[in-house]
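Take these sequences, add in the hints, and give me the full structure.
Here is what each chain is made of, one letter per residue.
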Amino acid sequence: MALPAHISPMGRLAHYGYLIFCGSVLLFLIAPILVIVPLSFNAAPYFTFSREMLQLDPSAFSLRWYRDIVQNGMQNPNAAFGWAYLVDSWNNAQWIHSLKNSFVIAIATTILSMLLGTLAALGLTSPGMPARGLVTSLLISPMIVPIIITSAGMYFAFSTMGLTGTFTGLIIAHTVLGTPFVVITVTATLEGFDRNLIRAGLSLGASPVRVFRSVIMPLILPGVASGGIFAFATSFDEVVAVIFLADYDQRTVPRQMWAGIREQISPTILAMATILVLLSIGLLTIVELLRRRTERMRGTTL
Amino acid sequence: MMSGTIANVRPPAAQLDGAKRRQVLRQYRRSQRRDSLRALALVAPLCVFLAVMFGWPLATMLTRAVSNDDFGAVLHRTSASLAEWDGTGTPSERVYADFAADLRQARDEQTMGQVTSALNFEWTGARSLLMRTVRQLSSEPENGWKEKLIETAPDWGNPDLWILIKRLAQPYTSRHFLAALDLEQAADGSIQGVGPEKAIYVTLFWRTLWVSAAVAGLCLVLGYPLATLLARLPLKTSNLLMMLVLLPFWTSLLVRTTSWMVLLQDNGVINSMLVWLGLVSDGNRLSLIFNVTGTLIAMTHVLLPFMILPLYSVMKSIPPSYVRAALSLGASPVTAFWQVYLPQTIPGVLAGTLMVFVLAVGYYITPALVGGQSGQLISNIIAYHMQQSLNWGLAGALGSLLLVGVLLVYWLFNRLTGGQGLRMG
Chain A
2 MALPAHISPM
12 GRLAHYGYLI
22 FCGSVLLFLI
32 APILVIVPLS
42 FNAAPYFTFS
52 REMLQLDPSA
62 FSLRWYRDIV
72 QNGMQNPNAA
82 FGWAYLVDSW
92 NNAQWIHSLK
102 NSFVIAIATT
112 ILSMLLGTLA
122 ALGLTSPGMP
132 ARGLVTSLLI
142 SPMIVPIIIT
152 SAGMYFAFST
162 MGLTGTFTGL
172 IIAHTVLGTP
182 FVVITVTATL
192 EGFDRNLIRA
202 GLSLGASPVR
212 VFRSVIMPLI
222 LPGVASGGIF
232 AFATSFDEVV
242 AVIFLADYDQ
252 RTVPRQMWAG
262 IREQISPTIL
272 AMATILVLLS
282 IGLLTIVELL
292 RRRTERMRGT
302 TL
Chain B
24 MMSGTIANVR
34 PPAAQLDGAK
44 RRQVLRQYRR
54 SQRRDSLRAL
64 ALVAPLCVFL
74 AVMFGWPLAT
84 MLTRAVSNDD
94 FGAVLHRTSA
104 SLAEWDGTGT
114 PSERVYADFA
124 ADLRQARDEQ
134 TMGQVTSALN
144 FEWTGARSLL
154 MRTVRQLSSE
164 PENGWKEKLI
174 ETAPDWGNPD
184 LWILIKRLAQ
194 PYTSRHFLAA
204 LDLEQAADGS
214 IQGVGPEKAI
224 YVTLFWRTLW
234 VSAAVAGLCL
244 VLGYPLATLL
254 ARLPLKTSNL
264 LMMLVLLPFW
274 TSLLVRTTSW
284 MVLLQDNGVI
294 NSMLVWLGLV
304 SDGNRLSLIF
314 NVTGTLIAMT
324 HVLLPFMILP
334 LYSVMKSIPP
344 SYVRAALSLG
354 ASPVTAFWQV
364 YLPQTIPGVL
374 AGTLMVFVLA
384 VGYYITPALV
394 GGQSGQLISN
404 IIAYHMQQSL
414 NWGLAGALGS
424 LLLVGVLLVY
434 WLFNRLTGGQ
444 GLRMG
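Top line first, the protein sequences correspond to chains A and B. Each residue of the first sequence is one higher than the one before, starting from 2 at the first, in our numbering. Each residue of the second sequence is one higher than the one before, starting from 24 at the first, in our numbering.
Keep in mind that a hint or two might mislead.
[Unchecked claim] Under the rule of at most 20 Å between Cα atoms (straight-line distance), these lysine to aspartate or glutamate pairs were calculated in the EDC-like manner:
hint, chain 1, residue 1, chain 2, residue 2
1, B, Lys339, A, Glu289
2, B, Lys259, A, Glu296
3, B, Lys221, B, Asp205
4, B, Lys259, A, Glu289
The set of hints was computed from the structure by calculation and includes no laboratory data.
In structure tokens form, the structure reads like this:
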């Protein structure tokens, strides 16, 4: 930003001070996430930069912690790389086990949340909805209630239903936590939605189902998709409900990291964290693209 | 925003005669009712799902906090015979005999734990007392159970202990809520504060409050200037910088907490850098983690995006011409900011602050990993009672109190932001 020519030295100082402050806040936000990336390539089992690493000595860097993700828990980790090695890793490695669980639970959660959340958002934004404000706050309250309370309550309730220690129980718990995001994003998309388009469709002779498929769905799809990604990320990141409701069989990546940090902290966690950062960059990019698409379709730019 | 819908356009009733008018009105109401029903039918699946899978669990936790049925169920004979006892002197032989029978059954069914933990909470040494007593149960006594039990442990001759057992055997109890507020019921039934060595929960509630308020304050101080900058920059630049705000928002909470452990440790990145710069001597590295400082730093980092996003969306909607007008009319930049810009951003400030506060109050993972002993919050003690001490009633009571507090703030949030506050990305 260019400063006007008449500004006083004090004003100039204040302006640069302001920019430096904002820069530091951005650094505060991003540095902790970036710092773990080089550390995950550390050849030594420490969480600090060794002198050799700072001098960029190639021998100070290694992929051993990434190899550990694939190998830890394998029956025969020293076998030659091949089909048998991959099968062993897929079936026995702890981190692979938790990655599989995380994906299964997160994908099921996403589908359920998108279904329930989109229906509810369609209802909430339709003109006949009574007590809209109250119902909306009730439906998004799982976001607000502290996760420890929700998890403790679910632990009591789910154990009477036989849902603790099952995939079904975890998927239900994560759907409870993830659906509010879908409700919010789809409601926001529908609020900017011109209802005359529905009437136009109906008056031109389309059936309500056809109107939904050909008019409503394409327009709200970006909102549904970004809500679904929020639900996916919520489930993929959630650990408290997993701690309370899951056994080892359902152990997810965050749960495995939690155990790792508390019990035997090793740089493998940093390697996994780096992979998760890459995943979140991917999700963030998709959501940004979807948001811009919605804005373009509405004909407005923020 | 939404243009008048067909259902909302009133029929031109004045031009119609009586019968016709009633008919039109009836059709109008029917169509409105149909709209409402359709809307409700769409919302219903999620409502039912949440009622069963979210509302019911919360209700279960609330009943746990007041229910006492474990204790009463295990000592069912004793509680029946104690009901006839008036509370003066020691109970009759019958009570002692029933008590022995209940304990023996509990030992065989392995339900002693529920009696022991409840009793031990209020009667010092109850655990060893019960263990000693259970060992004497195998043989029938010669002169009745009363004499034998008192002989085993003089505590059984103390009427206060029997008053306590009678009170614990009630189906509903306020003791968990009292304990959650560092209160207890004395033997005479009056409510008093517990001794200073047992009073921990009120301190924890206060700490949770001030840590959450401090985190919300820090987020506001750090987030407000950055949000103004993002709102003023050209869209291309601000979109790019926004990525730096959104990436932490999207990154796993555990990843971010791990990073702070890496950074803040005694020989972590920050301390090493300070020593290298000569700002801190090698001997007195700063202890930044496993205390309340660690909790504050890490939670501020985790929650900062929740402050910046609502601030940014409010600031983006403020036309820059207002500040320009103030400046051109002779206001100093400080006055223009203070009197023209700041008041317009208040909705964003409220939304962001309350959002961060309400999320901070319930935080569990971050304090558990970086908070050490002095940085633990109320969620951590709830988890402790859920998983380690297995005092589920107390966990339920602490959780209920926290829930009420959070719902109050949420209500305030909805009132102040008109239900428009929760927006994302």
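Inset, instruction - Just pull the numbers of the violated hints for me, sorted ascending. - result: Of the numbered hints, all hold.
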